[in-house]
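Participant: The primary structure of each chain is shown beneath.
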Amino acid sequence: MEQVIVNGLYLGAQYALIALGLTLIFALMNVLNFAHGQMYVLGGFVTYTVYGQFHLPFVLALLCSAVTLAILGALIEKFLFRPVIRRSKREESTMLLAAAIAFLFDAVILLVFGEKQRGVPKIVNGILNTGTIVIPYDKIVVGVLAVLIIAAFMAFMQFSRTGRAMRALAQDRQAAQLMGVNVHRYSMIGFALGALLAGVVGGLLVTIVGVNSGIGGPISTKAFMMVMIGGAGVVGGAIAGGFILGMLEAVGLSVLHSYGDITYLVIFASLMVFLSVRPNGLMGKPWG
Amino acid sequence: MIPPSLKIAGAVVFALVLLAGVPLVLNATGRFDLYYTLTLISLLAIASAGVWITFYIGRINIGQAAYALIGGYASAILVTGYGWSFWLTIPAAGLVAAAVAVVIGLPILRLRGVYFAMVTLVSTEVARLTALALPITNGAKGMVSLPLPGPIAIGPLTIVPDFSTLDNPRVAFYLLSVIVMLLAFAGVYRLVHSRIGRLFVALQQNEELASSMGVNIAGLRIIAYAISSFLGGITGAIFSAVSQSVYPSSFTTADSINFMLNCFLGGLGYVFGPLVGTFVLRFGWELLFQMAQFQLLIYAAVLIALMLVLPNGILSLIDLRGRKAAR
Numbered sequence: 001m002e003q004v005i006v007n008g009l010y011l012g013a014q015y016a017l018i019a020l021g022l023t024l025i026f027a028l029m030n031v032l033n034f035a036h037g038q039m040y041v042l043g044g045f046v047t048y049t050v051y052g053q054f055h056l057p058f059v060l061a062l063l064c065s066a067v068t069l070a071i072l073g074a075l076i077e078k079f080l081f082r083p084v085i086r087r088s089k090r091e092e093s094t095m096l097l098a099a100a101i102a103f104l105f106d107a108v109i110l111l112v113f114g115e116k117q118r119g120v121p122k123i124v125n126g127i128l129n130t131g132t133i134v135i136p137y138d139k140i141v142v143g144v145l146a147v148l149i150i151a152a153f154m155a156f157m158q159f160s161r162t163g164r165a166m167r168a169l170a171q172d173r174q175a176a177q178l179m180g181v182n183v184h185r186y187s188m189i190g191f192a193l194g195a196l197l198a199g200v201v202g203g204l205l206v207t208i209v210g211v212n213s214g215i216g217g218p219i220s221t222k223a224f225m226m227v228m229i230g231g232a233g234v235v236g237g238a239i240a241g242g243f244i245l246g247m248l249e250a251v252g253l254s255v256l257h258s259y260g261d262i263t264y265l266v267i268f269a270s271l272m273v274f275l276s277v278r279p280n281g282l283m284g285k286p287w288g
Numbered sequence: 001m002i003p004p005s006l007k008i009a010g011a012v013v014f015a016l017v018l019l020a021g022v023p024l025v026l027n028a029t030g031r032f033d034l035y036y037t038l039t040l041i042s043l044l045a046i047a048s049a050g051v052w053i054t055f056y057i058g059r060i061n062i063g064q065a066a067y068a069l070i071g072g073y074a075s076a077i078l079v080t081g082y083g084w085s086f087w088l089t090i091p092a093a094g095l096v097a098a099a100v101a102v103v104i105g106l107p108i109l110r111l112r113g114v115y116f117a118m119v120t121l122v123s124t125e126v127a128r129l130t131a132l133a134l135p136i137t138n139g140a141k142g143m144v145s146l147p148l149p150g151p152i153a154i155g156p157l158t159i160v161p162d163f164s165t166l167d168n169p170r171v172a173f174y175l176l177s178v179i180v181m182l183l184a185f186a187g188v189y190r191l192v193h194s195r196i197g198r199l200f201v202a203l204q205q206n207e208e209l210a211s212s213m214g215v216n217i218a219g220l221r222i223i224a225y226a227i228s229s230f231l232g233g234i235t236g237a238i239f240s241a242v243s244q245s246v247y248p249s250s251f252t253t254a255d256s257i258n259f260m261l262n263c264f265l266g267g268l269g270y271v272f273g274p275l276v277g278t279f280v281l282r283f284g285w286e287l288l289f290q291m292a293q294f295q296l297l298i299y300a301a302v303l304i305a306l307m308l309v310l311p312n313g314i315l316s317l318i319d320l321r322g323r324k325a326a327r
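Chains as they are written, first to last, in this note's numbering: chain E, 1 to 288; chain F, 1 to 327.
If we strip away everything but chain F, and leave its shape as in the complex, we get (with noise of 0.2 Å):
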């Protein structure tokens, strides 16, 4: 076991690294492309951690992206509609996402394994051919020219610039998705780890003996639910304001795929199972641009391979080298 002290040490480090020390690197080395793999890969994690909830309570969810599509939209309308300021459509589009994942989840959640799977799925196709239907959304073309996230300025004092002052909006937009992403797998973390998160792991393994010690299976999987939809909303709303602009066809099936993949790769049984596989699915996908047309085919084989090896994700090597893993 880790003692507490250090893991707080630990996460203290990782955050210094993320916040300065990347920054430090890539304008020391000039590789500012890199800001923007950098931002993508914080984004996805945060929706793929929302997709490890579910996996947490027994449920494999291949509906993330329907939530991310839904908060980009939520954020966008709310910018453009109605005036509001960015910063606050992020917990708003996260709200509506989680809204949304009530309603839906309290019927689809009574259904479990591959039926469960296959309804997500589908319903990440309703998102998408919705947003080409409502008017609201503007069909297919989209909600381009969003505009970049305003000041945070509590009286005189401005906590945040507006971000079309700055020379290089990207550095501005990874360290927003980064400190997002250190918020969103605290939070994961401490809920893991409370009484709740105990409750999860009843649920991820026995229903109905969990229902029959007087546990609230019903009220728990709407929760989870709703925080791992609330984790997409928020990844949609900050992704429309970095590419300025959200389609339908922003987060497709092949998204919600790939949050599913990035959880498995990490591990499905560690927090930081999603960032990890997020991360090296992420950044080795674009490591291997450079292949050309065998990209995907490398990619592919890249990916059985490490499922053959590591048929419980990346993390598990922390097992096989006898500790015991800082769940």
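Chain E on its own, in the form it takes in the complex (with noise of 0.2 Å):
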């Protein structure tokens, strides 16, 4: 049981980090980023050049990872929703948008990096084993990293300029708009900042689970659950979903997988129920 449990915390500060950007991007923008399952991979696939081809130290790839999304993210934002936003008449434009991005990171990551299965050397060699826990040291360098790069950012919204005004933003544009927040630049800070984090995230796991050209629509689906069960938009919902799924994963795959495949099903169906009671998630703002 403890395994499990750890198993599950393991996952959810990943997944918390996935989540934290989506939310992010919603949050200032209302823009449901369906490409950020792509900027994960992609931001694996950085590391994996940086630390894995190149034999570089691991921390210059992740930052690697981290630059490249972060001014991807900032272009997409100026170039791409800005004017759509202006323009359209629905805002649900936005969506059609962010699936043509999925698909262009899609091919320009099949074409560039291929289809295989990409894996780089372990950053820490050995494993933890303390008798009713098994865990290797390098998931608990990636978990522990992932926590600390959740509390600077967290510390980041609450504490500097820049948090302060992305905050305004995702309270009320308008109001932010009028108080004199510049709303374009924070935007497109808010922009890359939440593909920093998927950059981040997929540099993180690709050093245990590796990466492939394949998994960011499947990504891109779970970031969808976690906001929508910790409530669209609100960072604390982020945090709270991405530990949530983790914990039912890791527990479910131990429970049921004795009647088979069927973790996922059992979790997307008491999603189904759990948001028709709670309509917002656990913390989240009403929309439209």
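These aren't lab readings, by the way, just hints derived from the structure by calculation. Only a predicted model underlies this, so the values are computations on that prediction, with no experimental measurement involved. Virtual Cβ for every residue (Gly too), placed ideally from N, Cα, C. Fair warning: there could be bad hints in the mix.
[As the list claims (entries may be wrong)] With beta-carbon atoms standing in for the labels, derived distance ranges:
1) F:Arg31 with E:Val59: 53 to 59 Å
2) E:Gly131 with F:Leu288: 43 to 49 Å
3) E:Gly214 with F:Ala153: 46 to 52 Å
4) F:Gly139 with E:Ser276: 27 to 33 Å
5) F:Gln205 with E:Arg185: 29 to 35 Å
6) E:Val59 with F:Phe294: 32 to 38 Å
7) E:Val255 with F:Phe32: 49 to 55 Å
[What the hints assert, rightly or not] Below, computed lysine to aspartate or glutamate pairings styled on EDC-like, alpha-carbon distance capped at 20 Å:
8) F:Lys141 with E:Asp261
9) E:Lys78 with E:Glu91
10) E:Lys89 with F:Glu286
Mind assembling these two chains? They're in different frames, but the hints should get you there.
Facilitator: Here is the structure:
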């Protein structure tokens, strides 16, 4: 049982980090970023190239993933989302754009990195074995790093000037604008930050599970679920959703595995029931 | 405003082109492979029309593939397990899908915006996983070698011949799909211009306000969602007959997203938006097949470009020309 809880916590930390980026972008711009999973994959491949191929330090590789995705995110916001949001009659149109960007990323990743499953050498060797719990050291490192990044992100949102501006934007775009917040600038920073988070998780997880070009879509779906559990557009909700889904997966896989491959069916079904009781998730803001 | 007589004439010409003109051209040029593509486009357009209806009440529906899958399995099970005629299973599959939509829709239609969108996205996965888990759907192996549609006859008069006796069932499937598609779009057009259609617009604009005027918003949402899923169900039923099989992966999340994209690309404000969107997207995709590994890249780039140039859909070109669009 302890093993299951540790697995759940480890998964949860990763998931929370993925969901954070997605929810940040949603909170700031009301955009459901379909390309989030693809951004994760791209981050994974950047780390794979820098750390696995060029044999540079892992931290540097992680930084490269972060910077690449941040720049991409900023460009996407400025040149794609901003004009479409400005000119479109219905704000759902951004979903078409996001889906098209997801396709584009998929295509580029497939062309550049191929379709093979890619892995990198372990960052730390060895396994921690306490008798009840068995966990490799690299998983611990990655888990701790994920928690640290989450903490850093929350501190940034809470205490920095930029973070405050973004929170204001998420609360009420118009009011923030009236108070002199540069809406365009902070939307761009927010989108870049969301993409950066996706890239960082990709870079972290490539050391554990590797990466392949086809997992972007499934990752996006999972991220959507976490955001729904916690409530869209709320930082605390994304973290809660990530940990809850991680736990459910770990527990489900150990408890239900005798019934065959139905863990996800059960999770999906209970999610739909949950959402019909609490339409805005645990702590989400109402929409529309 | 286009006069009604012109609209009817246009519709008749359009139907004639699809039912007579296209087969003539294809037979003359020998491009029989295009029949399958066009059959697929017609079927996908029906499902997209369903998605469009949910857009019309202001909900983003990314779950149509689930209902197409339900329809496909319903038809396949009724044909193989209960010996129904395929023709009866088309409406039956639609009704099954609509019934499921009512049950699922009652709770989830309370959700709005991205919440509804994400739940419907998840429901596609639920449908796929359920099809994998249930014994009646035959799990991952799917249901294969379904029979071709039989004849329709009233007494001695054969209206539709047995598909297996035809030289080229592709043409028959093409005609079937196009006829159902034309009926579906005529139905949606009629619906949108009816009293209920007006109420749907009210729902799209402001549910609270509509509710305060005494509109039964919960009931109307269910009606719209059920009609939408009905169209998804008949798509699945015909598709299962065309491909003579149905698998859990016959309709996936990617299809759900494509149905939505078809609506966006054609234009959410126009009844025939999903038709145009499906045609352009699907046909473009097939044309790009020669580009081999660059297919997806070019496709995605063109999508993004279209979105930047025409954020309100292809049919918004009509408005740009200064004419009031034929909604």
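Participant: Against the structure, test the hints numbered earlier, and report the numbers of the ones violated in rising order.
Facilitator: 2, 10
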